[in-house]
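Peer 1: Between the sequences and the hints, there should be enough to build the whole structure, so can you do that?
The primary structure of each chain is shown beneath.
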Amino acid sequence: GAGVSQSPSNKVTEKGKDVELRCDPISGHTALYWYRQSLGQGLEFLIYFQGNSAPDKSGLPSDRFSAERTGGSVSTLTIQRTQQEDSAVYLCASSLSGSTETQYFGPGTRLLVL
Amino acid sequence: GDSVTQMEGPVTLSEEAFLTINCTYTATGYPSLFWYVQYPGEGLQLLLKATKADDKGSNKGFEATYRKETTSFHLEKGSVQVSDSAVYFCALRISAAGNKLTFGGGTRVLVKP
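Taken in order, these protein sequences are the chains called A and B. With our numbering, the residue at position 35 of the first sequence is 35, and numbering never jumps. With our numbering, the residue at position 71 of the second sequence is 71, and numbering never jumps.
For the record, the hints were derived by calculation from the structure and aren't laboratory data. Treat each hint with caution, since some may be false.
Covered by chain B, according to a simulated footprint, are these stretches of chain A (three or more residues, beta-carbon under 8 Å) [as the list claims (entries may be wrong)]:
(1) 71–81
(2) 92–104
Taking CB as the label site, the calculated pair distances span [to be verified]:
(3) B/Glu-16 to A/Glu-20: 44 to 54 Å
(4) A/Asp-63 to B/Glu-16: 48 to 58 Å
(5) B/Thr-12 to A/Gly-72: 29 to 39 Å
(6) B/Lys-60 to A/Gln-41: 37 to 47 Å
Idealized CB from N, CA, C, for every residue including glycine.
Peer 2: In structure tokens, the structure reads:
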């Protein structure tokens with residue numbers, strides 16, 4: 001079946017603008033994760049969803065970052081008032097459940113803030 | 001907090017050489033350990049995993065053994081191929097800590113023919 005998909009694949013925006021990044025997890029996967037991959041910080045966890053709730057938001061770097069998940073499926077990561085340091089590849093992953101070991105990653109959205 | 005340290009790259013090898021990538025971890029609980037691989041232009045893929053001490057994960061000729069006494073999970077392959085050129089990430093997960101993966105910094109491996 002289809003893997004995790006993310007859109008857009010690339011996004012260029014101006015500093016101060018808001019952006020929305022989308023993740024479609026594997027069908028039937030109840031757990032969804034957002035990570036960020038940047039040159040300076042490596043791969044960092046942002047937020048974890050189990051169903052529509054987010055029991056772990058500990059990785060969100062500031063209140064400019066938010067995420068939601070609706071219908072237990074698609075998730076949107078929103079970055080408000082983007083800054084240049086937000087430039088990174090944003091990765092989404094899903095797993096069958098929160099207790100399942102294997103997370104499957106999407107191809108990522110490459111965000112460049114000018 | 002929990003952390004993963006892996007050797008910095010790049011690691012450059014000739015085909016058929018032996019590869020070792022060191023990985024050590026610090027964890028407050030009892031982690032599961034993973035190696036993920038990112039081939040050029042592709043997304044992260046799980047390479048292998050081990051969930052308890054002395055377990056050995058293996059896949060595609062790669063192996064790693066969960067060593068609790070040395071808090072290590074070193075990745076090895078006996079004979080690398082050009083197609084093994086990629087970035088390798090060591091990671092841990094503690095189910096009591098929200099299921100997130102904590103990654104090392106990644107090691108770029110370049111295999112030359």
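Peer 1: For each hint given before, does the structure comply? Return the numbers of the non-compliant ones in rising order.
Peer 2: Failing hints, ascending: 1, 5, 6.
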